[in-house]
Amino acid sequence: MTPDTTAYYYAAYVAAGLLYTGYVVSLWWRGRRRRK
Amino acid sequence: MTSPTHSLPPTSRPLFDGLFFLAVFGVLGAVVRIVFFTPYELAQGAAQKIYYIHVAAALSAYLALAVVATTSIVFLWLRDARADRLAESAGEVALLCTTVVLTTGPFWGKPIWGTWWTWDARLTLTLFLWFITASYLVLRGAIDEPMMRARYSSVLGILAALLIPFIHLSVYMFRTLHPDPIVLKPDRPSLPPEMLLTFVISVLAFLFFCFMLVRARYRLALLRELAEEAT
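Protein chains in written order, with this note's numbering: chain Z, 1 to 36; chain U, 1001 to 1231.
For reference, chain Z alone in the conformation it holds in the complex (with noise of 0.2 Å):
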């Protein structure tokens, strides 16, 4: 029988999505401070 796994799997995306977001979102501040 197939485990449900499904919690864990939507877990590592979300946490995935966020560090790549907060990443880009990092580059926006930084260039827009330079840029300032």
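Hint data in this document are derived by calculation from the structure and do not stem from the laboratory.
Check the hints yourself; a few may be wrong.
Derived Cβ-Cβ restraints for the label pairs, each shown as a range [to be verified]: (1) U:V1183 to Z:K36: 43 to 49 Å; (2) Z:V25 to U:L1019: 14 to 20 Å; (3) U:L1191 to Z:G22: 27 to 33 Å.
Note that the coordinates shown come from a computational prediction; the quantities given were computed from them, not determined experimentally.
Beta carbons are placed, not taken as given, at the ideal position from N, Cα and C, and that holds for glycine.
Model the placement of chain U on the given structure of chain Z, informed by the hints.
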């Protein structure tokens, strides 16, 4: 250091342009394929799909560190500021990707191995890689003099990349819990065709996205240098 020439004034180049947004859409497309158009693996269930982003992040980290090492060698040889700037940019993206690897891995390990973490050779070496890459960026932030910063960090960048073959081969060199490679191995990939296609798409999408991140970070480094020159 030799001073680079630019065809466009750096301040006129946006950090995020059309190519960057194309890369974002590529990643979103890969995720849609993973979620909606790729079957579950019977023994592991949905958690197996973590593989597609976990391995894509690992390969992106390896490639980014290979760029760090190559550009560091180029810097030590030619003393070209562009090489050092590219090494710094790739180093930051390598740290991001290694963090993704170390974050997504435990979400697979908990349901499959029954534990979030184990001091297995592959996991431990990857953690060491994270610390060395973080040290590389800390070292860069700690030295003000550009020439000294570039020289010292180049050496550390080359040493960090030397860990990559050991990490990749650790599953053969040591008795580990971590699964053996199922695509990047001497034999044929052991994934079914539709899963293999999803894997290839996700790796290409994430590699392109990380390349765009390095490009944006490089432009940010240019802006910072201009600001430093102006003050």
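Hint-by-hint comparison with the structure:
1. U:V1183 to Z:K36: 43 to 49 Å: Given a distance of about 46 Å, which is inside 43 to 49 Å, the answer is holds.
2. Z:V25 to U:L1019: 14 to 20 Å: holds, 19 Å
3. U:L1191 to Z:G22: 27 to 33 Å: Cβ of L1191 of chain U to Cβ of G22 of chain Z: about 30 Å, so the range 27 to 33 Å holds.
Checked against the numbered hints above, the structure violates none of them.
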